[in-house]
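Engineer: Residue-level listing of the chains:
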Amino acid sequence: MARYDSILDALGDTPLVGLPKLSPSAEVRLWAKLEDRNPTGSIKDRAALSMITAAEADGRLVPGSTILEPTSGNTGIALALVSRLRGYRLICVMPENTSEERRQLLELYGAQVIPSPAAGGSNQAVAVARRLAAENPDWVMLDQYSNAANAAAHTAGTGPELLRDLPTITHLVAGLGTTGTLMGTGRYLREHKPDVTIVAAEPRYGELVYGLRNLDEGFVPELYDEKVLSRRISVGTSDALRRTRQLVGEEGVFAGPSTGAVVHAALVVANEAVRDGRRADIVIIVADAGWKYLSTGAYTGTLDEAAEALDGQLWA
Amino acid sequence: MAVEVRIPTILRTHTSGEKIVQGSGDTLQALFTDLDSRHNGLAGRVITAEGGLHRFVNVYVNDEDVRFTGGLGTTLKDGDSVTILPAVAGG
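Protein sequence lines, in the order shown, are assigned to chains A and B.
When we follow this note's numbering, the leftmost residue of the first sequence carries the number 15, and every step to the right adds one.
When we follow this note's numbering, the leftmost residue of the second sequence carries the number 906, and every step to the right adds one.
Treat the hints loosely; a few may be bogus.
Unchecked claim - Okay, derived cross-link-like pairs now, SDA-like style, lysine to any residue, Cα gap no bigger than 25 Å in a straight line:
1) A:Lys241 to B:Glu969
2) B:Lys982 to A:Lys207
3) A:Lys241 to B:Gly978
4) A:Lys241 to A:Ala170
5) B:Lys924 to A:Pro131
6) A:Lys241 to B:Phe961
7) B:Lys924 to A:Lys35
8) A:Lys241 to B:Glu909
9) B:Lys924 to B:Asn945
10) A:Lys241 to B:Val962
11) B:Lys924 to B:Glu909
12) B:Lys982 to A:Asn285
13) B:Lys982 to A:Asp290
14) B:Lys924 to B:Glu969
15) A:Lys241 to B:Ile952
16) A:Lys35 to A:Arg293
17) B:Lys924 to A:Ser252
18) B:Lys924 to B:Gly976
19) B:Lys924 to A:Asn228
20) B:Lys924 to A:Gly250
21) A:Lys241 to B:Gly995
22) B:Lys982 to A:Leu222
23) A:Lys207 to B:Arg972
24) B:Lys982 to B:Asp931
25) B:Lys924 to B:Leu958
26) A:Lys241 to B:Leu958
27) A:Lys241 to B:Asn945
28) B:Lys924 to A:Gly220
29) A:Lys241 to B:Thr974
30) A:Lys241 to B:Leu977
31) B:Lys924 to A:Leu222
32) A:Lys241 to B:Asn967
33) A:Lys241 to B:Asp968
34) A:Lys241 to B:Arg972
35) A:Lys207 to A:Glu240
36) B:Lys924 to A:Glu319
37) A:Lys241 to B:Ala992
Rather than coming from a laboratory, the hints here were simulated on the basis of the structure.
Bound-form chain B, shown alone (with noise of 0.2 Å):
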């Protein structure tokens, strides 16, 4: 169950400066565990304490932002590509 993950810069410094990381995990949830085993205090920027996501983060799986698709529940296979970005403003 290898996932790959795309870091934003601003997250970088959890990942020694790296753009993509591998993860496993078969939900979301479980990736953040993983990730967080090896890229420590990752996984705290992302989620809050209370256990959903950062109000001005956006994870997308395969480009479908989980929010819609089960949140941190949202499932993963093999090859998935997982996107992390800040909220930033259109218009």
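Chain A extracted, bound-state conformation (with noise of 0.2 Å):
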């Protein structure tokens, strides 16, 4: 059955495709996870219904309510489109140093957009925003750094739908953003299927982003638990980069960067299961597709221009 009686209705159980010409071998395959099939794009809409619809139920967000969020897009554009269907007023804070598209997008779907400065990248972002909720009480701060049920969407749709697609699932590779994917997803697999690997990329951006004042403006995610995860890979723009073309180039998967973060850890963690000799299926989550990235310059010229290009941007 593919008919919704509405968009939202038409969010998660997204279709699960196998990279046959990424995959190393017939017992070490590579699948992927496409979350940009979801309504605004992203994988983020499952954790903005989500919260939204927890916010609801706890009575913190009534009609006409006013949401703020930080954001560097995704979520901020999920938000969005959920808000306007469900008569709130959003307000997004969000790097200046993100993409053209996504600031475009916010504003198509009704939301205000707060510029945050570049250095410090999200950092920045979370401490306006936190600053303006202060100032704000009657603002509601969703706050998918914290909101358990930013996690709980993904153990309740993205890690039942892996396993019921692929029960042979042997390793989760996924971007560490605000971490609610790899909390959800991860905590439910390895609840049903105690010897999956759990894999972060981690996105390693230009210098700039890194630019903080003084060590005690980083941030951890208040939703972040190692313990669910088993290792941690940090991955740059050039790598992230080559891997997001050759994964639309071999396999005709047209991926946002950060999913080429993904797909270069999933290489590195199927190209140890070879040397091993063990069987692996490496799911790769794809947490959005490549269009809010054309202007960047991403998909043109050599790597090294579109390295250079993305150095200082925000590309996960």
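Assemble the dimeric complex from its two separately framed chains, guided by the hints.
Structural biologist: This is how it looks when you write it as structure tokens:
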């Protein structure tokens, strides 16, 4: 059945597709979960709907409420759609070094965007949003970094879908942002498949993004519990872009740069499995497609040119 | 046992502005002891008084987060690349 009452009802239950050309052998296979097939085109639709529904249930959100959220883009866009349909006003605090498409999409869905300084990346957006929330006590900050409903969306949706579609799963590889995807999906898989390996692919941006004034401005999401992860691999801009292009070139999967980082980490894991003679079914989470990043230069020119264009950008 | 260490902007006050420094040690702990002998105060910014990694600092050996490979006891070999980064928000 592919008929739904509304766009929000079409959320989740995304396809899992094999990546036969990137898979190193018949015993070590890669699979891509296409989260870009969600209503606003990213995995964040799951978290956004879950957080808003939970806030409605506990009475924090009432018709006409104003929602405030720090976001580098996808969560904001997802919240904007749900807010528009359910009658809330949305204000997003977004770092100025994110793609132009994200700002346009937010405004298209009716959100108001408050820019935060590029240096310090999302940390600054979080800090600005937390200050605004304190100044405007009637605004509701869902706070994707600490909101249990973010991870719960994946425990209820992403995890069960994966186990249903690939009972032989051995590895989950996903990007690390709010950590909601990895925490929620990881907990579900660990509970039902204790030997599964949970791998985080962490984007390593250009220096500007790490330009904090002091270390105490650092940030670890409240949702993060390192016990859920098996390992955490840092992937730089060049490797992420190279794998993003390889994914579309060899498999026809057009993904955003953060997925390139995930593919890179997945291939590290896959090559180890081949070396050790182990069978593996490795799932990579495709958090979004490439459309929102076309203007950044990620897909044009040489890899070096693309990496230079994305230096200092929040590409994940 | 030469190891290359990438220093984030925020810690370069300890390395005279150098972005990459050389160090040595069989473990990460030994490496920071070695680094601190030439870059005074660096180890104290990364390692807490209790002997663990600072909550808002991430350290990677060849791109692997050391919190999953043995922490400061992570072993090093010649030619390894160590990266220190402040923890920043994603999402």
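Engineer: What are the numbers of the hints that this structure violates, sorted from low to high?
Structural biologist: 2, 7, 8, 22 and 27
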